[in-house]
Amino acid sequence: EADIYQTPRYLVIGTGKKITLECSQTMGHDKMYWYQQDPGMELHLIHYSYGVNSTEKGDLSSESTVSRIRTEHFPLTLESARPSHTSQYLCASSVGAGAKNIQYFGAGTRLSVL
Amino acid sequence: GQSLEQPSEVTAVEGAIVQINCTYQTSGFYGLSWYQQHDGGAPTFLSYNALDGLEETGRFSSFLSRSDSYGYLLLQELQMKDSASYFCAVQTTNAGKSTFGDGTTLTVKP
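Quick note, the sequences are listed as chains A and B, same order.
Going by the working numbering, the residue at position 102 of the first sequence is 91; the numbering climbs one at a time, nothing skipped.
Going by the working numbering, the residue at position 50 of the second sequence is 121; the numbering climbs one at a time, nothing skipped.
So here's chain B without its partners, still in its complex pose (with noise of 0.2 Å):
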């Protein structure tokens, strides 16, 4: 079976960074991605890791450790508009089939 764990919610204030964590156990690993759903929109790209290290995109940076079975994303300098719902995903097939985690809901305070 595949799983992803990744928290359910977290919390922070504006202008603060916060790290959201992803953990996995799939049958296959091509590469980990990183969507942003707003509350009622469509989930949107992020980043994406296939080697182990820091990709950085702007304010936000993600992060892989293939030995580990570990992500993270990184997102610095918090806006209010960051306040959303963040989806880890496996990529277990090369054809593209993914499997999602259950979402890490961050709420930005003023």
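Only chain A is shown next, with the shape it has when bound in the complex (with noise of 0.2 Å):
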């Protein structure tokens, strides 16, 4: 069983708002990434991270930042948000010794930018 929590888990916010999305995982992954998935298309890997202080820029450009202090705790910040940043946006971890890298995604937080 998984355990990879994910909150808040819907957001209504203003324009220019500093936000943080938190994702929290209790397995011990080393790997946890951030995608940004729209209603019905495919998911967008945004950031992600290999281990404690290793984050790297996904396939699509994003305004976010993100950080990896602590193993099991991957935050995601928006410094202003803009209504172009509505979406859903899920966080996933892994672990795997090279090949079969199962992800284990949480329920993900869907944000409304007005």
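No lab work stands behind these hints: they were computed from the structure.
Just so we're clear, the structure is a prediction, and the values are computed from it rather than from any experiment.
All C-beta atoms in this analysis are idealised placements derived from N, C-alpha and C, irrespective of residue type, glycine included.
Certain hints may be false.
Here are a few chain A residues that face chain B, going by a calculated C-beta distance under 10 Å [what the hints assert, rightly or not]:
1. Met30
2. Glu45
3. Glu61
4. Ile91
5. Gln92
These two chains come separately, so use the hints to put the complex back together.
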């Protein structure tokens, strides 16, 4: 059973606000990921981390930033939210030696920026 | 660049068999995975292929041909609860970075 938690589940905020989306996992996984997904669309990788103090940008350009100070915690921050940031944000974690990297996903945060 | 192609929609009836194809063009290949996502839910892992051939897990099977850059997910004895989106994903680095396809929406009808 995978244990990866995201908060909040839903968030409605105004333009220009700074927000942090939380993601925590209790499985001790070294790898963590953030994806952006619009309804019915593909998952776009926006950030990933191979371990503590290791973060890299994903394939989709994003104005968000991430940090990985602790293995279990991988928060995503938007310094100034805009309507174009409205989307679902999915966090995932994985562990796997070499190939067969199974990702476990959180329930997601649905963000609406007005 | 990375690209994965899969059909956008598939419809089938309960009890039937359906195959969802995935072709890929990626800069690296370490394995092909399949994930299921119900509307409003989180993606969940279904199957993984690193080598050519068929992997079977209950009603679900997955196939890979690396020479053809092609794989498929086979769902047998379809049930209403199988109505969901199905994503293929290619692991492109040894460290686990993956690229996902656009997803296939499967609708199972009575």
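Structure versus earlier hints - violations, ascending order: Hint check: 3 fails alone, others pass.
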